[in-house]
Every structure is written in C-alpha cells, then in structure tokens.
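Asks: Chain by chain, the residues run as shown.
There are 2 protein chains.
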Amino acid sequence: MVTHATPKVSFRSQMLLARERAIIQTVNRLLAEKGFEAMTVDQVAEGVGIAKASLYKHFASKEDLAAAAMADLMVQAQTFLDGLAPALSAIDKLRTTVEWTMRLKLDGNMPTLPSQNSSLRAALMVHKAYMDGLMDVSDRLGAWIEEAQQQGALNPQIPAIAVLYTLYARACDPVLEFLKASDLFSDDQIIEMVLMTCFDGLRQR
Amino acid sequence: MVTHATPKVSFRSQMLLARERAIIQTVNRLLAEKGFEAMTVDQVAEGVGIAKASLYKHFASKEDLAAAAMADLMVQAQTFLDGLAPALSAIDKLRTTVEWTMRLKLDGNMPTLPSQNSSLRAALMVHKAYMDGLMDVSDRLGAWIEEAQQQGALNPQIPAIAVLYTLYARACDPVLEFLKASDLFSDDQIIEMVLMTCFDGLRQR
DNA sequence: GTCTATAATCAGATAGAC
DNA sequence: GTCTATCTGATTATAGAC
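Those protein sequences? They're chains E and R, same order as listed.
Numbering (the numbering used here) for the first sequence: 1 to 205.
Numbering (the numbering used here) for the second sequence: 1 to 205.
Watch out, some of these pointers could steer you wrong.
[Stated by the list, open to error] Stretches of chain E that chain R covers, calculated by requiring three or more beta carbons in the stretch to come under 8 Å of a beta carbon on chain R:
1) 154-161
2) 171-182
[What the hints assert, rightly or not] List time: in silico DSSO-like cross-link candidates among lysine-lysine, alpha-carbon distance up to 30 Å:
3) R:Lys180 / R:Lys34
4) R:Lys62 / E:Lys180
5) E:Lys180 / R:Lys128
6) R:Lys180 / E:Lys62
7) R:Lys57 / R:Lys34
8) E:Lys180 / R:Lys34
9) E:Lys34 / R:Lys180
Don't read these hints as lab results, they were simulated from the structure.
Beta carbons: idealized from backbone N, C-alpha and C, even for Gly.
Starting from the given sequences, assemble the full structure and let the hints guide the process.
Replies: This is the structure:
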C-alpha cells in the first residue's frame, strides 16, 4: 500500500504554526498599544486565550516574543516591497514604503520597541529570521536611496545611511501619535503632512 | 538690636534646594541613559549618595522624580530662549533652539520619556511647574513659527502645530543615537545632517 | 531628614500533573 | 502541549528608630 506524506505530522505542525501566528498577532497588537516594557506576558496569554506556561513552550522569553513579532514585521515589509510596481521611480518606491509604515502605525499595527533596552536589543541581534529580514529590507531600500540620489531626486549631500535611518524613524515618529491625539486631522492628512515634512522639509521651497 | 532675615532658615532651605538639585541632576542623567522604565529609584538614591527613604521625603513617587526633571528641563529651555540674540530671524531662532536640544541629547543630558506610559503622563499633566514651562516654551516657539511662515521662511502649508511637534521630536529622535552608534560621524556632522534633513528635507533642492 | 529594615506587589519564568 | 500552582527576583514604597 502506498504511504501518504505523513499527514498526521503535517496537520499537527499546521496547528502549531496557526497558534504561533495567533500569538505573534497578539504580541504585535500589544507592542503597538503599550510598548515592550508595559506589555506583560500575562496579557499576551490572555489575549491568545492560553495559559502563560503554554506560551513558554513556544517562545523562550518575553524578549523572544517581541523578536518574533519584529521578524514577522520584516516579512510583512518584504511582501510589501515585492508588491511595489516596478515602473515606479526609486523615490516613489521609498515614499510609498514610508507611507505604508505610517499607516501601519496609525492603525495600531506597528510594534514599537524602545531604542535603548539592552536585553531586547541582544535578543534581536541573535534572532536570525529578524536580522536576515532587516538586512534584506535595508539592502533594497538602500539601493533605491542611492539610485534616487544619482537621479538627483534625493539630496546626495546626505549619506545614504542617514537617509535610511530617517525613513525608518518614521515608523516610530511620535509626531504621528501627537497629531492623531490632537484630533484636528484625519489619518490621511497626518500622513500627507509628515510625508511633506520628511521629503520637502519645513522650509519654504 | 536689628534682627537679620532669618539666616538659619535660609541656610537650611538652601541646603534643601541644593540636595534637590543634585537629585534632579542624577535623575536627568539616568533618564537620558536608560529611560524612565529602566531607571530604578535605587539607582537614583545611589547616584545621589543618600538612602532611598530619604528620596521619598523630597519626592512622592518615581513619576514625581521624572516630572521634576522635566520641569527642570523646561527651565533650562527658557533660559536658553532668553539668551537668544534678538537680532536673529525667527527661523534662525528655531534652528538654533533645535540644535541646542540635539546637542543636549548627544551629550547625554536629554531626559527622554516614553510617549505612551500613562501613569507618567498623568503625573506630568498635573505638575504645575512643568506644564507652565511647557506652555511658555510652546508659546514662544509657536510665535516664531508663525512669524517665519509669514516671512516665507517656513512652509505655510504645514500647520504651526505640526511644525512645533516636528521640532520637539528632534529632542528624542532615534536617528541621532543610531548615527552616533555607527561611529561614522562627529557630533557636529550628525547635527548638521539632521538639521538639514529637518529643515530642507530629503529631496534635492 | 536621614537612616536600616521590611512590607507589598508585581511580573517573568518554571514544576509537575495530565 | 496544555494546564494550575508556585517560585524567584526585582522594585516601588513605607515603618519606625535616631
């Protein structure tokens, strides 16, 4: 009799992946809402609907949970970059990507981490999936930055690395949440203002 | 005999003020180094060189400590604004002020708070000295912003409040620390790059 | 007001049965 | 792998003597 390709194991591993996706989704939301320090593992467990001890069967530590969420964010970013129309100019690709990250943040789906916490930084640095994703995304954005600078679209006086950091920083820009909290503007208006400030500057052109 | 103006009380209160200044200075440094959550009251006490219980005779809570540091920052800002040459144009005053905040941050003297933590936000909102200082600084910057917009120096399409938030955000811009961590640039170069990005934008002019 | 000692709480992580 | 129950350590805050 012909044997099938281990259906039981496949099914079990699918359930496992589904659960881990659910965990990551909850972590993502909590990180966006309250940040890493204020997020507790109890809240994650409650959000997923499982016991805390079960969480620790999937992820070794709180830092590991956050790292998994960040790795997932990198996958989302890669998917977004893949879907960008190749016909777009380099600067338009950059602009559209920044807009995507800001919308993610305004929608409460951008996990934000403290740029200081060392235990977390250490966990991120050794997380292969996250680091690989980050490197890939940075490489692709970096290539567009250099292309845009050569085309005279971006100011070539600013080092590419500084441009890259500046674009990344839009993902955790407090200006977004302050403007949103002011309740004076729609999300679209906020994005338009911050994009304009970022690319055109505060000075009159 | 002529009585003097209560010299003993004056001396005691001077000692008190000196101690509180020492506490605030330590809090300032720790907030800049590690942020609010990672800073512990034990570290503050050790930094000042007094017992933790003594700290609580001066400040009611950890939030209160941070609020006092922020209030002190506002006083520093007011002093800086007072010292600005009146001959400077509005945009140059803004530029110089932003440069001052960035240098404070690069030197490790800019207390940075999480923009989310609610217990801390609540403590800040009811701290009269901090709120008064913040309002005064905001009013003065706001007036310069509107002046610069009328003079055609700043882009009038961007609401003044958005400009104000954008300038404030330079005080906690992660781009500064990332560029510093890269060890590729001097502090002066970093400030020049970020100032250029902020006022002139990433696009070629 | 300063100290030592301690209370009270909370959160990350684990033991061990099923 | 999931659960309940618990451990462990860290941290904010206070009691009470001097």
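Asks: Now look at each hint and say whether the structure bears it out.
Replies: So, going through the hints one by one against the coordinates:
1. 154-161: Holds: 7 residues of the region 154-161 of chain E have a Cβ under 8 Å from chain R.
2. 171-182: Holds, because 8 residues of the region 171-182 of chain E bring their Cβ atoms closer than 8 Å to Cβ atoms of chain R.
3. R:Lys180 / R:Lys34: holds, 16 Å
4. R:Lys62 / E:Lys180: Distance ~28 Å between Lys62 (chain R) and Lys180 (chain E) Cα, so the pair holds.
5. E:Lys180 / R:Lys128: Roughly 25 Å separates the two Cα atoms, so the pair holds.
6. R:Lys180 / E:Lys62: holds, 28 Å
7. R:Lys57 / R:Lys34: holds, 24 Å
8. E:Lys180 / R:Lys34: holds, 27 Å
9. E:Lys34 / R:Lys180: holds, 27 Å
When the structure is compared with the earlier hints, no violation turns up for any of them.
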